[in-house]
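Chemist: Sequence:
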Amino acid sequence: MSVNKKLLEAKSNQELAEYIKPESKFVPEAKLYAYEILKARSREFSDEETARIVLLIEEENTRKNFTLHPNYKKSAELIYLAAVLGIGNMIWKYETLDSGRKFFTALLTLAFLFGLGYVVSRGIEWFKFILLVLLAFGLLGFPLMVSEFVNDPVVGVIYIAQTVLQVWSLILLFKIPEAVRTQQTH
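Numbering (my numbering), first residue to last: 12 to 197.
Treat the hints with care, as some may be off.
[To be verified] Dumping the calculated DSS-like pairs for lysine-lysine here, alpha-carbon to alpha-carbon at most 25 angstroms:
1) Lys-22 with Lys-36
2) Lys-84 with Lys-32
3) Lys-186 with Lys-84
4) Lys-16 with Lys-36
5) Lys-85 with Lys-139
6) Lys-16 with Lys-32
7) Lys-139 with Lys-84
8) Lys-50 with Lys-32
9) Lys-186 with Lys-139
10) Lys-17 with Lys-32
11) Lys-50 with Lys-22
12) Lys-104 with Lys-85
13) Lys-32 with Lys-22
14) Lys-17 with Lys-36
15) Lys-50 with Lys-17
16) Lys-186 with Lys-85
Worth flagging that the hints you see were computed from the coordinates, not collected in a lab.
I would like the entire structure built from these sequences, with the hints used as guidance.
Modeler: Dropping the structure here:
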């Protein structure tokens with residue numbers, strides 16, 4: 012989302028002053044533009060206002076210069092790939108989706124997997140522990156995977172491939188160095 016500076020320039024000093032108040036709900040970029048415009052109009056700022064704006068500028072620069080560790084992206088891509096395999100599994104076993112409830116459950120599961128991938132791609136560090144718990148619950152169904160492999164080898168291979176991708180994804184998340192994790196949370 013971008014802020015149109017020309018629209019802010021058309022506002023009065025009093026309206027712009029609302030942007031830089033501590034309780035202002037405007038986006039940081041709008042606050043910075045309001046500050047710049049007011050400064051160009053020769054408005055004097057208190058030490059508190061100046062300190063708050065300087066902090067806002069530093070936070071904005073940090074946010075712009077922030078780069079996510081590549082393992083987050085790789086891990087998310089592996090989760091997305093596991094979800095795509097799930098779609099392939101749905102297509103392969105479409106006859107088992109004979110009721111609306113089963114179909115809805117399958118779609119909900121796929122949406123959940125894509126959602127997990129999205130959250131991982133955002134770099135939320137603690138989320139790997141949730142994934143670890145979910146994977147542990149998923150591994151409880153490993154005997155079912157083996158029996159499915161005997162009944163329908165294609166589905167069994169898909170299940171095993173999904174599990175391998177999810178384990179690999181989790182390993183990548185746990186391999187992110189502590190120094191990088193600490194830097195990204197600040």
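Chemist: Would you mind marking each hint as holding or not holding in the structure?
Modeler: Hints, verified against the model:
no.: 1; hint: Lys-22 with Lys-36; in the structure: 17 angstroms, holds
no.: 2; hint: Lys-84 with Lys-32; in the structure: 37 angstroms, violated
no.: 3; hint: Lys-186 with Lys-84; in the structure: 13 angstroms, holds
no.: 4; hint: Lys-16 with Lys-36; in the structure: 17 angstroms, holds
no.: 5; hint: Lys-85 with Lys-139; in the structure: 14 angstroms, holds
no.: 6; hint: Lys-16 with Lys-32; in the structure: 18 angstroms, holds
no.: 7; hint: Lys-139 with Lys-84; in the structure: 13 angstroms, holds
no.: 8; hint: Lys-50 with Lys-32; in the structure: 15 angstroms, holds
no.: 9; hint: Lys-186 with Lys-139; in the structure: 11 angstroms, holds
no.: 10; hint: Lys-17 with Lys-32; in the structure: 20 angstroms, holds
no.: 11; hint: Lys-50 with Lys-22; in the structure: 14 angstroms, holds
no.: 12; hint: Lys-104 with Lys-85; in the structure: 29 angstroms, violated
no.: 13; hint: Lys-32 with Lys-22; in the structure: 16 angstroms, holds
no.: 14; hint: Lys-17 with Lys-36; in the structure: 20 angstroms, holds
no.: 15; hint: Lys-50 with Lys-17; in the structure: 15 angstroms, holds
no.: 16; hint: Lys-186 with Lys-85; in the structure: 12 angstroms, holds
Hints 2, 12 from the earlier list are contradicted by this structure; the remaining hints agree with it.
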